[in-house]
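Visitor: Protein sequence lines, in the order shown, are assigned to chains A and B.
Counting from 0, one number per residue, gives the positions in the first sequence under numbering that gives the first Met the number 0.
Counting from 0, one number per residue, gives the positions in the second sequence under numbering that gives the first Met the number 0.
Be careful, since some hints might not be right.
Stated by the list, open to error - Between beta-carbon pairs, the in silico distance windows are:
hint, chain 1, residue 1, chain 2, residue 2, range
1, A, Asp318, B, Leu78, 45 to 53 angstroms
2, B, Thr59, A, Lys383, 20 to 28 angstroms
3, B, Leu78, A, Phe360, 40 to 48 angstroms
4, B, Gln132, A, Ala359, 51 to 59 angstroms
Unchecked claim - Derived contacts from chain B toward chain A, CB cut-off under 10 angstroms, selection only:
hint, residue
5, Phe4
6, Thr178
7, Gln179
Said to hold, decoys possible - Chain A is faced by these chain B residues, among others (derived, beta-carbon under 10 angstroms):
hint, residue
8, Ser60
9, Ile64
10, Thr103
11, Leu110
Don't read these hints as lab results, they were simulated from the structure.
Quick caveat, the model's predicted, so the values are computed rather than measured.
Just so it is clear, CB atoms sit at the ideal spot from N, CA and C, and this is done for glycine as well.
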Amino acid sequence: MNLAVRDVRYRLGRFLLTAVGLGLLMATVMAMGGIYRGLVVEALSIVQAPGADLWIVQKDTNGPFAETSRVPDDLYRVIRAVPGVQEASPIVFQSLQFRVGPKPFRVQLIGYRLGALGMPLAVAAGRPIIRSRYEMLVGRDAGLAVGTEIKIGRLVFTVVGLTEGIVSNAGDPVAFVSLQDGQEIQFLKANEAVRNDRARLDSASQATPALRDVPAEALRPIVQNTHLANAILVRLQPGADAVEVARRIERWNYYRALTTAEQEQVLAESVIDRGRRQTLLFRAILLVVSVVIIALIIYTMTLEKTRDIATLKVVGAPDRAIAGLILQEALTLGLLGYATGAILISGTYQYFPRRVVVTAFDQSVLLGIVILICVAASLVGIWKALRVDPTTALGGGA
Amino acid sequence: MPAIFADRITKVFGRGETEVVALKDASIEVESGELVALMGPSGSGKTTLLRAISLIDPPTSGRLIMLAGEPVYENDRVLVDDRRLRREKMGIIFQSYNLIPFLTVAENVALVLTLNGVSLREAMRRARALLVQLDLARRADVHPATLSGGEQQRLAVARAVVNDPAVILADEPTASLDTQRGKAVMDLLRRLGRERKAAVIAVTHDERMIEGFDRVYHMIDGRIDRSWRPAQPVIDGRWVVGPTGGYEHA
């Protein structure tokens, strides 16, 4: 006779309520795990999306995601000539905010050379950018429709398509424009700034004897240069050694070359490190809290049955029958709570403002932990139950 | 050899200044098929003796022999698996019923059988058959909390006898019942004890309940001060008329 099944059936309402409560706790643990994974996946998505093998960035910097990095946009021609390089292309990144009507939108802007490395690999709705100016692709997360017009500075863009799955390390959706548009947004100065810089240059050249005879027109392009990029993306030939090519570029071209793995490491270990560790610590605390709560629930369940356990001992139930009752109930409660949590999180994770990545591995590990907690907590309960004095079942009198 | 032979049972609670001697050299014998009542005022040691005999709360000293076998308790040691002894050989009835609340009436009865290795199907069949005898068949599938006090005590009796135990111990089985229901439960206990040839010890402080019992042991201050056979004639001169009008061991 399975005592656990009968006890659960008898106290079904209360048992299910406890399991639902535990399920909510489990869902929180799962969500926290998913948020942690999502943070890492989101941060790395922008590095992984272009499918580059190397990132050529300004010397002594850690690349556009960690620091300011500027390189000439025509550097890609030189890099393309390096042995082992199959393709190279400039790219610009910039966080910016614009308004559509009264509503502000924050995006990670990516400017890429059309048809070259850095372009989005898929367009989920609308079409890709086909004109070199004033067209934009926006991440679906931004909530903008195809055809929306967006004004950025002096430029007006039309959203021609939507992308999916790529966000910045801050969780902002991405917006793709052509390289030239991206360069103008990032590097083109306002007219007033250009006039001020020209005046400053003229004044400086007059004060510098060597420049006195140089015509001002020859120097003026210096103050207005948009032929810059934040990085050069490189795809290697099949079989090429990424580290070897990177070291060669660093040695001969005086730029820093990061492999994609190194770029990911920069992101994971510095840019999002604090946020990642904060989430991880909170997840660990939540797990400890869950352990304590599950243990207390099971222990309390055992205490409530003290008299029944004593009666079982009096009628001769062996220890294994009593231990089985407690262990099976603990496992049932834990598994039911876990299943409730899994159902809850699978039905709600898509509504979180940032990505929640619930992996089968994490779920399996959590399931293992839940089973372990239940077994450990029920061992405490069993220890308590086996110490129950059978005379507890009997009335007073002497 | 009697079915129960409790020899000079002593039970001491606490130590030093808090020491209480609850039983002092109490000895009783009960034959198979014999119905024995254990009487005495509150605090006289009746329940303690019953607990000692059932090994639920073993004695401090003395010797206990069950079913004409080897001692089950001797020299401050329990010599057998007490729970196995209880589930295989004993049926115990409590003053406060002590039914398992999450089992149905039939399951409460079948539990003891399944603990002894009887299949659930067979255990339930036997339990239901017994419940018919005890007029509880129509309540077989409800939980004990929905039963009246008398029904609960009849259920406790059913649980105690379903396994055909050689020994039935009943601790104040009528204390929570009115006189009529109490007598009914005692009648039931007597009938089942006789039918199954079990050695029955029933603790009671109500003299009206001992009618039909073979022998009465009276306890006071942890000792058995006298015993008598309430309904049996003098056979060999060892029995005299006792204070209740029955016969007392000389």
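Visitor: Does each hint hold? Answer for all of them.
Guide: Against the structure, the hints:
Under the hint 45 to 53 angstroms, the C-beta atoms of A/Asp318 and B/Leu78, about 19 angstroms apart, miss the expected range. A C-beta distance of roughly 26 angstroms is found between B/Thr59 and A/Lys383, which places it inside the suggested range of 20 to 28 angstroms. For B/Leu78 and A/Phe360, the Cβ-Cβ distance of about 55 angstroms falls outside the hinted range of 40 to 48 angstroms, so the restraint is violated. Distance hint check: the CB atoms of B/Gln132 and A/Ala359 are about 58 angstroms apart, consistent with the given range 51 to 59 angstroms.
The criterion of a C-beta within 10 angstroms of any C-beta in chain A is not met by B/Phe4, whose closest approach is roughly 21 angstroms, and the hint is violated. Because the closest C-beta pair between B/Thr178 and chain A is about 19 angstroms apart, greater than 10 angstroms, the hint is violated. Interface restraint check for B/Gln179: the shortest CB-CB distance to chain A comes to about 22 angstroms, outside 10 angstroms, so the restraint is violated. A hinted interface residue such as B/Ser60 counts as satisfied when its beta carbon comes closer than 10 angstroms to some beta carbon of chain A; here the least separation is about 18 angstroms, so the hint is violated.
With a least beta-carbon distance of about 19 angstroms to chain A, the hint placing B/Ile64 at the interface is violated under the 10 angstroms criterion. Taken as an interface hint, B/Thr103 checks out: its beta carbon lies about 8 angstroms from the nearest beta carbon of chain A, inside 10 angstroms. The criterion of a C-beta within 10 angstroms of any C-beta in chain A is met by B/Leu110, whose closest approach is roughly 6 angstroms, and the hint holds.
Against the hints set out earlier in the document, violations occur for numbers 1, 3, 5, 6, 7, 8, 9.
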